[in-house]
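> Here's the letter readout for the chains.
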Amino acid sequence: MTQVAEAKPAVNINDDYCSRCSICGSLCPYDAITRDHENDKMILDIEKCQVCGICASACPARAIDTIYYDRDSLLNYLRKVKPNYKSDTLVVMCKGSAPDFSQVGKLFGVNDFVPLSVPCVGRISEELLLAMLAEGIKKIDILACDEDYCRFHRGSPLTGRRVMALNYMLSQLGYGKDTITMKRNSLKVKVDKDLCIACGNCVFYCPYDAPKLESEGGISFDLDACRGCGLCVSLCPAFALDLENWERDKISDLLPKLIAEMKPPKILVFRCQWAVYPPLNGDVSPNVRAIELPCSGRVEAIHVLEALQNGADGVMVIACSEDDCKQEGVSAKAEHVVAKIKGQLEQIGLGERLGFGSVSPRYEGQAEEAIKQFRQKIETIGTKGKS
Amino acid sequence: MIVTVLKPLDEILESISPYKKILIAGCDGCTQPPRGMREVKTLKQLLELAGKLKNKKFEFKLTSVVKQCDTVLTKSTIKPYVEDIDAVLSLACGAGPQTVAEVFPDLPVIPAQNSHFVGIDDREGGTMFDSCSSCGDCVLALTGAVCPITRCAKGLLNGACGGAREGKCELDPERDCAWELIYKRLERLGQLDRLKEFRPPRNYQKKAWKVAP
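As they're listed, the protein sequences go chains A and B. In terms of my numbering, the first sequence has 280 at position 280, counting the first letter as 1, and numbering is strictly consecutive. In terms of my numbering, the second sequence has 149 at position 149, counting the first letter as 1, and numbering is strictly consecutive.
With a cut-off of at most 25 Å between alpha-carbon atoms, the simulated SDA-like pairs for lysine to any residue come out as follows:
no., chain 1, residue 1, chain 2, residue 2
1, B, 54, A, 383
2, A, 340, B, 121
3, B, 56, A, 309
4, B, 44, A, 249
5, A, 340, B, 42
6, B, 67, A, 203
7, B, 61, A, 253
8, A, 340, B, 32
9, B, 7, A, 306
10, A, 342, B, 122
11, B, 54, A, 351
FRET-style restraints, in silico, Cβ to Cβ:
no., chain 1, residue 1, chain 2, residue 2, range
12, B, 188, A, 8, 54 to 64 Å
13, A, 48, B, 15, 48 to 58 Å
14, A, 260, B, 83, 33 to 43 Å
15, B, 62, A, 75, 46 to 56 Å
16, B, 14, A, 157, 56 to 66 Å
17, B, 188, A, 209, 26 to 36 Å
If you're looking for bench data, these hints aren't it; they were derived computationally from the structure. A virtual CB, placed ideally from N, CA and C, is assigned to each residue, including glycine.
One chain only, chain A, in its complex shape (with noise of 0.2 Å):
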């Protein structure tokens, strides 16, 4: 695993603008401001923080910064990006309730639209929503989590009473009542019972005690408990699972396209979408592309694999920390996953080629530094050999 040291932590509350109202302690999920009641200030526990943005969203007095999707980096995104788009529609989506936009057509009924993705819609405020409105933007479609698969647990209520209280506001002042309207949607396992052979892994290995096996008939899944990690459809040895929207097939036929697209060495990252937080509009190296999925549990010992196959010099998987989870230990299982293929690499002498990382967002740049040295280290190997 690679070592990261630690560096400029994420959210920060600046205290000279701090009124002390402490709605940002009220409203984290993970507890991690508390008032020192000593000398009356908001202390924020990074190691505690897992970077929603609740808090920043909710701030009145705006004390607390975060370096990723704050107020200001989403206003100068929409500023830069609208002109290209003909619509005045926006779709802000948490990209935990979909990968990419190709649902929202069929959900919010809009082919045209301004796309925003972001790692929860909580850390959307309601003055924000304001401020995108007074840029332009005549109608804002939000879609969000189920409220009970909300990764920080809050950000999705919190955003439907948000959506609810402006809307309210907003026909007051003479808008449309459905100015801002908003949806939830979860990406839950898909079963071909077909396939399945009855083997019982996926059952052993879920979380959530999802999938259930029947006496007759195989395998079958309470979707409402699934919580779409993907952990059973790497593991299932029969393809008989797959992820809506992370299918194991739309992957496969990315892989060569963002390999292409690279220069040596080419270095394929299989990242947490919780675990970084890739900056809007953020400089792409021209050596690496990433492949963003729900949980490293969805990553595929195949698709490793085929990245290698189709060129890669080096495969990466970035995965949350065992305690920064956001599935329950689903990382750690994957560190196993991510072992055995390297074990058996290693037997053709390609061990080397496959890296794991375990970052955090809570800090600046780690999933970066930790790239970096393993783009070093399969500089020192070459490029050549394989592909």
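Using the hints provided, position chain B relative to the given structure of chain A.
This is chain B only, laid out in the frame that chain A set:
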């Protein structure tokens, strides 16, 4: 189930090197995890990557048999490929390649697995261990369902031998003493009097090599 371990990839590569068109045949049967289509595809990818480094090019076809030790299932699954392959690489236990050989006498078949034992899959403990020797004369009713033939290193019928230390076998300190397990189990069941029964030497002629269903 039958516990198998994938052979070293070098050995597999060496065994298949005389052939070009190879059918990799998995088995969805009793191994845990099953050596089904995922294992088949993963092995194909690994062999292609390894082959490329050694300038060896194979043409793989992939399939998985519901139960490779079943002549009917193996015949129907593999038959459509037979005309177009040079050999079969089997991911089943030792019974699988032999079944393929029975059904297709002219087709070379290569094992990709080493078969170790009929075992218990302790999922939570993360291990699988030897538990049945298929001896043909089951004594589990007398021993609290712990097999002394298999799990006692000496295969004693009238244990314990006296060599165990802190519940572990004197021959392998990692291994539980089967007779201590038997004693504890019978104690829980209130059947310790079973230990007073003398068990005469076993009749190994009872072990069958062939059975009609």
